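Based on these hints, arrange chains B and C on the given structure of chain A.
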Amino acid sequence: MTETKKTTIVLFSGDYDKAIAAYIIANGAAAYDHEVTIFHTFWGLNALRKDEHVELKKGFMEKMFGKMMPRGADKMGLSKMNFAGMGPKMIKSVMKKHNVVSLPGLIEMAQEQDVKLVACTMTMDLLGLQKEELMENIDYAGVAAYLADAEDGNVNLFI
Amino acid sequence: MTETKKTTIVLFSGDYDKAIAAYIIANGAAAYDHEVTIFHTFWGLNALRKDEHVELKKGFMEKMFGKMMPRGADKMGLSKMNFAGMGPKMIKSVMKKHNVVSLPGLIEMAQEQDVKLVACTMTMDLLGLQKEELMENIDYAGVAAYLADAEDGNVNLFI
Amino acid sequence: MTETKKTTIVLFSGDYDKAIAAYIIANGAAAYDHEVTIFHTFWGLNALRKDEHVELKKGFMEKMFGKMMPRGADKMGLSKMNFAGMGPKMIKSVMKKHNVVSLPGLIEMAQEQDVKLVACTMTMDLLGLQKEELMENIDYAGVAAYLADAEDGNVNLFI
Chain A
0 MTETKKTTIV
10 LFSGDYDKAI
20 AAYIIANGAA
30 AYDHEVTIFH
40 TFWGLNALRK
50 DEHVELKKGF
60 MEKMFGKMMP
70 RGADKMGLSK
80 MNFAGMGPKM
90 IKSVMKKHNV
100 VSLPGLIEMA
110 QEQDVKLVAC
120 TMTMDLLGLQ
130 KEELMENIDY
140 AGVAAYLADA
150 EDGNVNLFI
Chain B
0 MTETKKTTIV
10 LFSGDYDKAI
20 AAYIIANGAA
30 AYDHEVTIFH
40 TFWGLNALRK
50 DEHVELKKGF
60 MEKMFGKMMP
70 RGADKMGLSK
80 MNFAGMGPKM
90 IKSVMKKHNV
100 VSLPGLIEMA
110 QEQDVKLVAC
120 TMTMDLLGLQ
130 KEELMENIDY
140 AGVAAYLADA
150 EDGNVNLFI
Chain C
0 MTETKKTTIV
10 LFSGDYDKAI
20 AAYIIANGAA
30 AYDHEVTIFH
40 TFWGLNALRK
50 DEHVELKKGF
60 MEKMFGKMMP
70 RGADKMGLSK
80 MNFAGMGPKM
90 IKSVMKKHNV
100 VSLPGLIEMA
110 QEQDVKLVAC
120 TMTMDLLGLQ
130 KEELMENIDY
140 AGVAAYLADA
150 EDGNVNLFI
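Protein chains in written order, with numbering that gives the first Met the number 0: chain A, 0 to 158; chain B, 0 to 158; chain C, 0 to 158.
Isolated chain A (complex conformation) (with noise of 0.2 Å):
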């Protein structure tokens, strides 16, 4: 009897460069039968969330932060040659050219193999990120679920 492999991705950064990276090594990872979860934090929440708007009482400093990150997979930055929006527009181009599905194609893919995505309980309260503005089946968690499925991990990443 083999043991079931187990990768875990922290998805710190909020780049949509990066997030495709993450994307594709954990559904890669999950097509191999690993145990797959990316545990996002800080500006990797960005990637969970819904791309409309949703009306919630928040103080100053919340309402501030929820206004300057991007709303959702699909508006998040380039780490490199982000050129005010044009980058992420050139790499979505050459990825729809090359066949290669998009982000929000990606963390959807993810969802289907059962990839187990978390977002940072922590790191919300501190960015102002309520569960309402998150998307649908994810999982609430905080280091202490991080550290003890990352113990056990084959491959161990920090994105």
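By construction, these hints were calculated from the structure, which means they are not laboratory data.
Since this is a predicted model, take the numbers as computed values, not measurements.
Heads up, a few of these hints could be off.
Since copy identity is lost for identical chains, a pair holds within one copy or between any two.
[Unchecked claim] Straight line, CA to CA, 25 Å or less: simulated SDA-like cross-link-like pairs of lysine to any residue:
(1) Lys91 with Met80
(2) Lys88 with Asp32
(3) Lys56 with Gln110
(4) Lys56 with Glu131
(5) Lys95 with Met123
(6) Lys96 with Glu132
This is chains B and C only, laid out in the frame that chain A set:
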């Protein structure tokens, strides 16, 4: 008998938010009785700098680097939305509001939990940083020592 | 009989300083008889580019990316304090002064130590890079090959 689990983090980044993530994971792992090492290299060394100016003989380049780099954990900028220093103020303010310990506090907590804080001697040389400028009670080592820790590590991250 | 230890690094970043960190860790691990793989993806592919222009048929987007991205390890910028190219000059100057091998030298050393240098074929397609533009004696593979190496890895890093 169970073996002690090991966590190692290479802290390369000099960003306040990434350093917080590193130290929260490190403190979490230490609380679960992992042996934890944070290996500070390149800009990550700034987290270990004392906040006062230390008078030392240095070459021109070393002086330049010394002046341009933040002096200590409390002066570091954000990886995203730094806004000329406004971003760190906002983050610190929400951290306080949510009772999250500040970065200098997280570093202190790590030392109390016997997290091994290591300064990379090769990059100290490169950036012209001397032991007198860094915090007390830290270790000094090179890549060989890091690898010796990491090759038995359960969780190894590069941040 | 002891098993060969394995180290894998995903080099996503196109920053000179991060690439140095990646190659120093890789060379260190190879010196300790680890089997080492560096999987170059996205901007990390630039470290493998030849420094001369290679005449190739390309579409408009691919030409744009090709022009905007640095041609080879020696032309990459810093993640911090790049100062329009001044930063890399300073770092290279102090590296020379401290007898630290330059990035192109570190890559050569890695090849001599049989570190497996892999170019990610999917992101080559995305960025319009062709084999003729990259260094000799490297491997070409996708995420599946990376995962096959990483799942048995002792040290797996994403840089």
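Hints and how they fare:
When the C-alpha separation of Lys91 and Met80 is checked against a cutoff of 25 Å, the pair qualifies both within a copy, at 13 Å, and between copies, at 23 Å. Taking the shortest Cα distances, Lys88 and Asp32 never come within 25 Å of each other, neither inside one copy (33 Å) nor across copies (44 Å). Within a single copy, Lys56 and Gln110 get their C-alpha atoms no closer than 29 Å, and across copies no closer than 39 Å, so neither meets the 25 Å cut-off. Taking identical chains as interchangeable, the C-alpha atoms of Lys56 and Glu131 lie at most 25 Å apart only when both belong to the same chain, with a minimum of 11 Å there against 49 Å between chains.
Taking identical chains as interchangeable, the C-alpha atoms of Lys95 and Met123 lie at most 25 Å apart only when they sit on different chains, with a minimum of 15 Å there against 32 Å within one chain. When the C-alpha separation of Lys96 and Glu132 is checked against a cutoff of 25 Å, the pair qualifies only between copies, where the shortest distance is 21 Å, while the shortest distance within a copy is 31 Å.
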